[in-house]
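**Q** Next come the chains, spelled out residue by residue.
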Amino acid sequence: MNSFDEVDPKEIDVILPPSGYPDELAAEDTTDNIRGACGDASRDFPTALWIEPKDWADKARDNDKYHTWPVNYIDRYTNQNPTHECTCHSLRTNFEGARNRQRGVIFKDGPKKNFRYDVSATSGSVWVSPLSVYAEANPRQWGGANVRQVMEIACRRGILPDKIQPHEYGFKHTLQGTTGSGNSNQSHGPWVSVRNFPAGWEETARHFKPLEVIFPGSWEEAVCLVLNGFFVSVGRNGHAIPWGQCMFSGNSLQSIAYPDSYDVTRYDSLRTVKSAWSGSFAIATVTVPDDWSKPAG
Amino acid sequence: MIRNALVSLTVLAAATSPAVRVPPGPPQVITPPAPVAQPVLAPPTEPMPDDIPSPSALELVVTVSGEVVDDPVVSLPVGSLAVITLTGSAVTTTGAATVALNRETKNLDVTQNGHHVAFSSPSIADGVFLFTVGINNTDPAGAPHIAQRWIVTGAGPRPPPDDPLAPVTPNGPVGKITSVTYVYEKSDTKVPAAVQSGIDRLNVEKKVLATLYEHDSKDGTGEVPDQYKAPLAAAKEAGLPALVAMSGDKVAKVIPAPTTVEQVMGVVP
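Protein chains in written order, with the numbering used here: chain A, 1 to 297; chain B, 1 to 269.
In short, the hints are calculated from the structure, not lab data. The beta carbon of each residue, even a glycine, is placed where N, CA and C say it ideally should be. One or more of the hints may lead you astray.
Unchecked claim - Residues on chain A that point at chain B, a partial pick, calculated with CB under 7 Å:
| no. | residue |
| --- | --- |
| 1 | VAL7 |
| 2 | SER42 |
| 3 | PHE45 |
| 4 | PRO46 |
| 5 | ALA48 |
| 6 | LEU49 |
| 7 | GLY104 |
| 8 | VAL105 |
| 9 | ILE106 |
| 10 | HIS207 |
| 11 | ALA284 |
| 12 | THR285 |
| 13 | THR287 |
| 14 | VAL288 |
| 15 | ASP290 |
| 16 | LYS294 |
Take the sequences, apply the hints, and build the full model.
**A** Right, dumping it as structure tokens:
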């Protein structure tokens with residue numbers, strides 16, 4: 001998708017039925033609370049990543065030319081329907097994008113429904129399980145979780161791999177990706193509490209952990225992060241999603257596209273971007289393996 | 001178009017002081033802090049002389065206090081002013097040159113009437129810097145024109161390489177390239193999209209393991225991953241960011257601050 005293409009207006013500012021980010025949980029997601037949850041992983045926005053707004057369109061053209069948008073670093077959608085796992089699906093997109101960016105592999109068309117890239121199997125791409133975080137964030141299963149909860153969990157103990165992988169890595173511990181629909185690249189299964197996770201699961205999860213998390217101090221800094229190839233996860237209107245590509249009309253930013261956890265790409269208008277950025281985050285780096293072909297050692 | 005158009009840049013050696021981070025915004029003229037009085041940088045108002053010999057496509061002519069310095073390593077005492085002039089057939093009246101001073105990378109606009117200082121950098125204290133200029137080849141199949149000079153400011157140490165005009169090959173002849181790593185510091189480096197693309201193409205087209213490594217990253221046990229120990233050490237010696245090509249466990253080549261697809265792809269024959 002080119003960032004200067006017209007977007008389908010029906011997919012802009014879509015408000016969904018409750019998907020796991022209710023107002024009472026969202027209220028706790030202040031930047032300070034989320035930064036505290038990340039602990040040592042918390043980082044200010046680096047000034048080196050700043051791009052003057054007048055240069056945003058040129059940077060977008062650069063990203064179009066080289067396929068270096070955040071969406072170009074993920075090779076799948078996930079599907080949470082009809083669960084309340086949205087903050088964890090947004091987290092997994094952010095995590096996988098950061099990991100693939102470090103791995104140095106680009107998926108030129110981004111995620112595509114019911115499609116698997118051949119290069120996913122040879123590049124060490126790993127698909128993580130949102131459920132492995134959500135099960136601890138909300139043991140009651142329904143009602144959702146906020147960003148503070150899921151970031152604290154992920155930064156503390158990591159994320160388990162999904163049972164479905166693009167390559168057989170021989171993981172000792174995996175978990176179904178969701179109790180929702182899933183898809184051909186995401187397993188689904190019954191609810192499981194943390195105490196029923198596979199024995200010793202922590203040994204595998206620690207290999208899939210955010211190391212540095214950037215917190216933008218303005219909507220402009222959030223846009224700069226997307227322009228630099230970092231997903232920015234935000235919660236708004238009862239749903240949490242990851243911003244992944246800036247969309248322009250002429251040289252003016254109009255909206256930001258995000259791979260929604262319903263096998264589809266949608267868009268937040270600039271007005272929504274300006275109001276929703278607070279409490280957002282971008283995973284800059286994640287744990288790196290000694291051998292990319294053996295992701296958990 | 002004027003052949004061998006000249007462009008001048010000025011690099012000022014400041015008094016010894018901690019490096020300061022320049023806030024985002026338009027490029028600034030470098031002004032060193034007190035107590036050492038320093039001249040304020042300004043672009044030359046007259047064209048530079050065009051009688052400087054320029055047999056190759058891109059050369060750097062360095063003058064310090066008006067004297068041409070032929071030494072590959074330029075010593076720049078505190079308070080002195082170095083003028084770096086780009087010469088050669090690759091330098092045209094319009095177009096862009098990429099300038100890198102260690103980790104600082106900006107595009108330099110080449111104009112007919114002189115130069116435009118388009119980068120801002122920390123105050124230059126005692127240290128050693130690799131000043132690199134790159135200009136894209138007009139032949140799409142050709143390699144970019146690159147010229148480099150070492151600059152030692154104040155009481156900084158001599159740089160380790162004996163031949164500063166070539167990419168560092170510390171271990172001499174090596175075998176096949178087995179991995180390539182772009183080592184960088186996240187807080188100081190905006191990874192160029194072209195570099196990211198080049199890394200991807202090395203993976204896909206040349207089947208070489210090519211990755212990016214942020215210098216602070218650890219594995220799941222909290223240690224520096226084994227595969228990155230040697231590239232990290234080599235990159236730190238050269239200055240971040242750097243592209244490190246490995247042949248097995250030996251460092252084959254180090255390219256400081258690459259910015260183009262061609263520079264990245266070029267490390268693997």
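**Q** If a hint holds in the structure, say so; if it doesn't, say that too.
**A** Hint by hint, here is what the structure shows:
1. Contact between VAL7 of chain A and chain B, as hinted, is not supported at the beta carbon level, the nearest pair being about 22 Å apart and thus beyond 7 Å.
2. With its C-beta approaching chain B no nearer than about 13 Å, SER42 of chain A sits outside the 7 Å limit, and its interface hint is violated.
3. With 7 Å as the threshold, the beta carbon of PHE45 of chain A stays out of range of chain B, its nearest partner Cβ sitting at about 10 Å, so the hint is violated.
4. Given hint, PRO46 of chain A at the interface with chain B, holds; its Cβ is 4 Å from that chain's nearest Cβ, closer than 7 Å.
5. Hint status for ALA48 of chain A: holds, given a least beta-carbon distance of 5 Å to chain B, under 7 Å.
6. Here the hint on LEU49 of chain A is kept, as its CB sits about 6 Å from the closest CB of chain B, short of 7 Å.
7. Hint status for GLY104 of chain A relative to chain B: holds, with the closest Cβ pair at about 4 Å, below 7 Å.
8. Checking VAL105 of chain A against chain B: minimum C-beta separation of about 6 Å stays under 7 Å; hint holds.
9. For ILE106 of chain A, the shortest C-beta to C-beta distance to chain B is roughly 4 Å, which falls under 7 Å, so the interface hint holds.
10. Satisfaction of the interface hint for HIS207 of chain A is found here, the shortest Cβ-Cβ separation to chain B being roughly 3 Å, below the 7 Å cut-off.
11. Given the 7 Å rule on beta carbons, the hint for ALA284 of chain A holds: about 5 Å separates it from the nearest Cβ of chain B.
12. Taken as an interface hint, THR285 of chain A checks out: its beta carbon lies about 5 Å from the nearest beta carbon of chain B, inside 7 Å.
13. The criterion of a C-beta within 7 Å of any C-beta in chain B is met by THR287 of chain A, whose closest approach is roughly 5 Å, and the hint holds.
14. For VAL288 of chain A, the interface hint holds, since its Cβ comes within 7 Å of a Cβ in chain B; the closest pair sits about 5 Å apart.
15. Annotation: ASP290 of chain A was flagged as interfacial toward chain B, and the flag holds, the nearest CB pair being 4 Å apart, inside 7 Å.
16. Because the closest C-beta pair between LYS294 of chain A and chain B is about 11 Å apart, greater than 7 Å, the hint is violated.
Hint compliance for this structure: hints 1, 2, 3, 16 are not met, and every other hint is.
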